[in-house]
Amino acid sequence: MPELPEVETVVRELREHLPGRDIIRASLTASDLYRRGSAKISALAGAHIEGVNRRGKAIVVSLRARPGKADRLVVHLGMTGQLEWKASPGSVRDNPKHLHARIGFADGSQLRYVDPRRFGFIFVGTAAAVAETLKMGPDPFEMDSAALAAKLTRRSAPIKSLLLDQHLISGLGNIYVDEVLHLAHIHPLLSGDRAAKEAGAILEAARSTLSRAIAARGTTIRDYRRTDGATGEFQIKLSVYGRDGEKCPRCGSSIKRIVVSQRGTHFCPRCQRAPRLSARKGETLRAGRSRREAPRPADYKPSR
DNA sequence: AGCTTCGCCTGCTTGC
DNA sequence: TGCAAGCAGGCGAAGC
Numbered sequence: 001m002p003e004l005p006e007v008e009t010v011v012r013e014l015r016e017h018l019p020g021r022d023i024i025r026a027s028l029t030a031s032d033l034y035r036r037g038s039a040k041i042s043a044l045a046g047a048h049i050e051g052v053n054r055r056g057k058a059i060v061v062s063l064r065a066r067p068g069k070a071d072r073l074v075v076h077l078g079m080t081g082q083l084e085w086k087a088s089p090g091s092v093r094d095n096p097k098h099l100h101a102r103i104g105f106a107d108g109s110q111l112r113y114v115d116p117r118r119f120g121f122i123f124v125g126t127a128a129a130v131a132e133t134l135k136m137g138p139d140p141f142e143m144d145s146a147a148l149a150a151k152l153t154r155r156s157a158p159i160k161s162l163l164l165d166q167h168l169i170s171g172l173g174n175i176y177v178d179e180v181l182h183l184a185h186i187h188p189l190l191s192g193d194r195a196a197k198e199a200g201a202i203l204e205a206a207r208s209t210l211s212r213a214i215a216a217r218g219t220t221i222r223d224y225r226r227t228d229g230a231t232g233e234f235q236i237k238l239s240v241y242g243r244d245g246e247k248c249p250r251c252g253s254s255i256k257r258i259v260v261s262q263r264g265t266h267f268c269p270r271c272q273r274a275p276r277l278s279a280r281k282g283e284t285l286r287a288g289r290s291r292r293e294a295p296r297p298a299d300y301k302p303s304r
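Here the first sequence stands for residues 1 to 304, where the numbers follow our numbering.
Calculated directly from the structure, the hints in this document are not laboratory data.
In this text, a Cβ means the ideal position worked out from N, Cα and C, and glycines have one as well.
Please note: incorrect hints may appear among the correct ones.
FRET-style restraints, in silico, Cβ to Cβ [claimed, not checked]:
id: 1; residue 1: HIS167; residue 2: ARG12; range: 39 to 49 Å
id: 2; residue 1: ASN95; residue 2: ILE258; range: 16 to 26 Å
id: 3; residue 1: SER27; residue 2: SER211; range: 35 to 45 Å
id: 4; residue 1: GLU142; residue 2: SER42; range: 29 to 39 Å
id: 5; residue 1: LEU99; residue 2: GLY252; range: 40 to 50 Å
id: 6; residue 1: PHE119; residue 2: ASN95; range: 33 to 43 Å
id: 7; residue 1: ALA150; residue 2: SER88; range: 48 to 58 Å
id: 8; residue 1: GLY68; residue 2: ILE258; range: 29 to 39 Å
id: 9; residue 1: LEU99; residue 2: ARG12; range: 21 to 31 Å
id: 10; residue 1: GLU142; residue 2: ILE236; range: 51 to 61 Å
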């Protein structure tokens, strides 16, 4: 499931291939893959690519301005979307079942969008239209703890749900939210209002987790692939996601799985103490830290 | 307005 | 073995 590190990896790889190229032709097989308000992808023919960037979990390709024409191509990979780079004409002949879009270049190379579950989307439009379509909050590298704390204050929903809300903070998905909350010692069911006190720790944990995942070129559980088809490497470093029944790498307790906001949620019941048990009268909530707990990982830096 | 649930969609896994 | 149900989840819409 492409979240910020996977999308960042794809963006970095596309930067090696796309800028400076002219699009010869572009096509999409099924119009339901367009985000509403999108121009036709065929309108990109003749466009010159200037850059590739990431906005939250979306890939944004910038094109040289042409009067009256779209100058942005947005690709959101959803859950199972892939962008494949095919450098040689000979390698683009195959026609996989879930190939939905092709963008072709003069030397025969091709960028291809594949998405078995079709949860992703494509949007073609102006920079202004893209800004309107991608209404989302800043990602963890773009905001400070005061801003996050302000967004969490007076929110009663579980911190897990709030961190998944792209309008509030972008880039985190189910896998990394679980990892971040574990690293920050915060129970997924803690209310936003209470978690606001730990905004600094949450942001630190998010940046640390995402940075390490980017360095590992993302997490491949099942579908995620890089532009050349290779997998990411971060899955072997996950602490809690998908590890229910296994031992917490920090304290050795058994990792539990619950469902929060319809999402499978993995956490350590000892390191991430239940909110109810933490709420002692007259005591500041410390989000489940206990004296018996093992030391934090070496790369963890407290916010204060 | 905030929060939860649902539906979209396909493929793999589980259960009978 | 075969079939149906269950499950996965990013995101927007609907419902409370």
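(message) Quick check: does the Cβ-Cβ distance between LEU99 and ARG12 fall within 21 to 31 Å?
(response) Once the Cβ atoms are compared, 23 Å apart, the range 21 to 31 Å for ARG12 and LEU99 holds.
(request) Take the C-beta atom of HIS167 and the C-beta atom of ARG12, compute their distance, and say whether it sits inside 39 to 49 Å. (result) 26 Å Cβ-Cβ, so the 39 to 49 Å window is violated.
(request) Indicate whether the distance between the beta carbons of GLU142 and SER42 respects the range 29 to 39 Å. (result) 34 Å, holds
(message) Tell me if the beta carbons of GLU142 and ILE236 are separated by a distance inside 51 to 61 Å.
(response) 28 Å, violated
(message) Taking the Cβ atom of LEU99 and the Cβ atom of GLY252, is their distance within the range 40 to 50 Å?
(response) Between LEU99 and GLY252, where Cβ atoms are some 46 Å apart, the hint holds.
(request) For SER27 and SER211, compare the CB-CB distance with the range 35 to 45 Å and indicate the outcome. (result) 37 Å, holds
(message) A range of 48 to 58 Å was offered for this pair. Does it hold for the Cβ distance of ALA150 and SER88?
(response) 51 Å, holds
(request) Evaluate the given range 16 to 26 Å for the C-beta pair formed by ASN95 and ILE258. (result) 42 Å, violated
(request) Please test the hint of 33 to 43 Å on the beta carbon pair from PHE119 and ASN95. (result) Taking Cβ atoms as reference, PHE119 and ASN95 lie about 21 Å apart, which means the hint is violated.
(request) For the range 29 to 39 Å, tell me whether the beta carbons of GLY68 and ILE258 fit it or not. (result) Hint violated: Cβ distance 52 Å, outside 29 to 39 Å.
When held up to the earlier numbered hints, the structure conflicts with 1, 2, 6, 8, 10 and fits the remainder.
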